[in-house]
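Peer 1: Here is how the chains run, residue by residue.
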Amino acid sequence: MKHYTSVDHIEDLDELLLLAKNIKSDPYTNQSLGKNKTLGLLFFNPSLRTRLSTQKAAANLGMNCITMNLNNEGWSLEFEDGVVMNGDKSEHIKEAAQVISQYCDIIAIRSFPGLTNKEKDEKDYVINSFVKYTSVPVISLEGATEHPLQALADILTIQEYKTKRKPKVVLTWAPHPKALPHAVPNSFVKMMQLADVDFVITHPQGYELNPEVTKGSTISHNQEEAFKGADFIYAKNWSNYNDYGKITSQDASWMVTTEKMELTNHAKFMHCLPVRRNQIVTDAVLDGESSIVIPQANNRTYAAQAVLTQLLKNGNK
Amino acid sequence: MKHYTSVDHIEDLDELLLLAKNIKSDPYTNQSLGKNKTLGLLFFNPSLRTRLSTQKAAANLGMNCITMNLNNEGWSLEFEDGVVMNGDKSEHIKEAAQVISQYCDIIAIRSFPGLTNKEKDEKDYVINSFVKYTSVPVISLEGATEHPLQALADILTIQEYKTKRKPKVVLTWAPHPKALPHAVPNSFVKMMQLADVDFVITHPQGYELNPEVTKGSTISHNQEEAFKGADFIYAKNWSNYNDYGKITSQDASWMVTTEKMELTNHAKFMHCLPVRRNQIVTDAVLDGESSIVIPQANNRTYAAQAVLTQLLKNGNK
Amino acid sequence: MKHYTSVDHIEDLDELLLLAKNIKSDPYTNQSLGKNKTLGLLFFNPSLRTRLSTQKAAANLGMNCITMNLNNEGWSLEFEDGVVMNGDKSEHIKEAAQVISQYCDIIAIRSFPGLTNKEKDEKDYVINSFVKYTSVPVISLEGATEHPLQALADILTIQEYKTKRKPKVVLTWAPHPKALPHAVPNSFVKMMQLADVDFVITHPQGYELNPEVTKGSTISHNQEEAFKGADFIYAKNWSNYNDYGKITSQDASWMVTTEKMELTNHAKFMHCLPVRRNQIVTDAVLDGESSIVIPQANNRTYAAQAVLTQLLKNGNK
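Chains as they are written, first to last, in this note's numbering: chain V, 1 to 317; chain E, 318 to 634; chain B, 635 to 951.
Hints in this document: simulated from the structure, not taken from any laboratory. It cannot be assumed that every hint is accurate.
Stated by the list, open to error - Examples of chain V residues lying across from chain B (beta carbon under 8 Å, computed):
| # | residue |
| --- | --- |
| 1 | Gly74 |
| 2 | Gly82 |
| 3 | Met85 |
| 4 | Glu91 |
| 5 | Ile93 |
| 6 | Ile100 |
| 7 | Gln102 |
| 8 | Ile247 |
| 9 | Ser249 |
| 10 | Asp251 |
| 11 | Gln279 |
As the list claims (entries may be wrong) - Below are the DSS-like pairs computed for lysine-lysine, each with C-alpha atoms no more than 27 Å apart in a straight line:
| # | chain 1 | residue 1 | chain 2 | residue 2 |
| --- | --- | --- | --- | --- |
| 12 | B | Lys947 | E | Lys341 |
| 13 | B | Lys669 | E | Lys338 |
| 14 | E | Lys553 | B | Lys723 |
| 15 | E | Lys630 | B | Lys658 |
| 16 | E | Lys341 | V | Lys21 |
| 17 | B | Lys754 | V | Lys35 |
| 18 | V | Lys236 | E | Lys341 |
| 19 | V | Lys24 | E | Lys338 |
| 20 | B | Lys723 | V | Lys35 |
| 21 | V | Lys89 | B | Lys880 |
| 22 | B | Lys870 | V | Lys89 |
| 23 | B | Lys658 | V | Lys313 |
Where is the CB? At the ideal position from N, CA and C, for every residue including glycine.
Only chain V is shown next, with the shape it has when bound in the complex (with noise of 0.2 Å):
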């Protein structure tokens, strides 16, 4: 691959599991591959679990890694092209990531949606303005639109935890009380319809994700219906998409309970965390067994070290 800031620039899948898997096994035998070289790690926005795991997978590698906060430890960034900059903005993206690019060998942005404008939310126009203006591999730690790093850790964590060759997953929207962006859950839908998998997507009607990324998987407006014989249950949160970036439900019969769990075929409880709980989840069903949750997050570090590895491996070509 050349960037990693959507699940579409996996070329093999299962080559990269591997990768994933051995490197989890033996994280720190490839720390030569990461002499000399720096990550930059970009951030627009809050993040513990996507920058712990990725400042961890750049030290398992050996690499330099550099942690900047862009919204104010740097300058006020300009992404509009032909603008008279006599605002706000003290510098144009194009510099700003040209610049960057200069010092660092993978660059990596975390860049959420404003939710206010669907148009300009699905050009990620962050994510790919650096795609567009560096000369180095991009990686996303969550855009507007995607969070790939995460689709990886998860389906990395249902192949360990599968108990038949082609488990049931199901997606589940799950109640909040803030308007939540869409890129979990287009990362992972992308990915379940890579992997080997009997996928369906549940949500109350009205919560339909961009067709263009569901476009093949089941959609169940039934939870319960959705929820029988599955072997892994993934609560999201998602804000409407079609009327965009709304709360236009925070129906608490969607929260994933004990019950519910219980019309599963013993399924394990997923969600890429930070989660409310008693709102997406009980309490009961995030402390009890079922949850893997944890070891979920885990995964984080070895998805990150995988893709870093590919990368770091194709500039070496």
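Position chains E and B relative to chain V; hints supplied.
Peer 2: Relative to the frame of chain V, chains E and B by itself:
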């Protein structure tokens, strides 16, 4: 030791001090110990000495160090159990602590008390939530009730500068315009109780520290009497413990001055820093020959490195 | 050199430039020099290039690099002597600087001027307080009056791109919506005075820089005249020096355009970045072939690495 969030966790002070002294004389000798080990430094509050000296100590040991300002770079954390998380808090400490402990081999945290709810502060609930939910050693970088790395640097400094077997050490309250926590004096008192010193606490009436902590220590309300024959004067402000978190005196007559230092046995002046000049202590004392606050701060590195060394060695057993 | 807070601290420019060129051609060759050495990077203001390139330079030398945003991660600092510290400032620069210099082998600081009090700014009191109280070398990452690392990258770039022995270099003022400091133009002027170039400064009447700095340099109020035959155009805004810190002109006719560049001898366009597009310079010039702002920014790494190398070598003597 398993964790280091309190002076009480020291198993053998003499052994720990000997380790710190050996490290100070040869700081880079043990870099294989920290190889491929990650220290997570998590800050909820400002820090200068603690941040820099602990990062330095980790580097001296060959550790990878990840520093995060948890209040603005990550997600706002919920610490209460059983809560419906429909408000401002995005992530529960249960997940955060477990997740971080998968990326880090040791976690170090700074979290000051609120100084409004005594019962809550006494539980040191942020630090102790990490202890409860992590699977790795936790170090306090100053919690609500203790600052044990500071106290270790303090006793190391006293050992270096003492000129008799059992020096007289005086902890004196001094005035300050803001309400300050009890963590530094608490840990200092505990450390002096462990050490072979003649120890006196002096403060205005009403400024008693937690009696559970000072139990067995000599307390005087007469600062001049206390200073007589002292070998070390350790100045520190703290807010009222009984009238919890209040400033009930800013009595300028308790400031440490040259005249008061002349009552001592050529005592050395100590303070944990940052120090308010001409509030806690006059310029003349702080800039004079008796002040050892700068080498005292330097010992923070070796105190931290000794604790990290013990925790890493335990982890390797 | 002992410190590098001014272009005046360069002892032998040719030697320093040769060192920078050698480093650029082989950046990782001297990693034993920085082993177990710590660089403290302290920021009071935003930074992109300086932050990343100096961290990169330190990593290239095998140094441990600790980065701190002093205005929000540490304690607010008092710089006045003899003050009763009963207000907002928690720590005096005397302690802070001495303490930091015990943890770091080299300290680098960014502190912009306030642009309201000329006398105070001219003393460059933040940077110079560190110089006064530390026991280790201090590097300016842009102070109130100079930006010497930028100027070193600038002359390195001019040397690389010049096509004649003694090129004509023009520093031109250009309009900007905000009041900007004089640090970049001051250091650039000093560097051009050291270098073997034909140097002209051009700006609107009233926008004279500090006459102590520009003494001996040619100044023209006719931009078009100045551009004639130029080999390098270095654009930069600065606020009024006489009517201190004020914007007394935003004259758009001083913007650098393709038409003006055609007056030159195929001049290369330079700017320290960040640059306001279509204010300082048109898109056409900045995106055109004459612009060398990106490789100019790249040279920031090698300028920093050359200075760090000299300071480390001095420290080893």
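Peer 1: Which hints, by number, does the structure contradict?
Peer 2: 5, 8, 9, 10, 11, 15, 16, 17, 18, 19, 20
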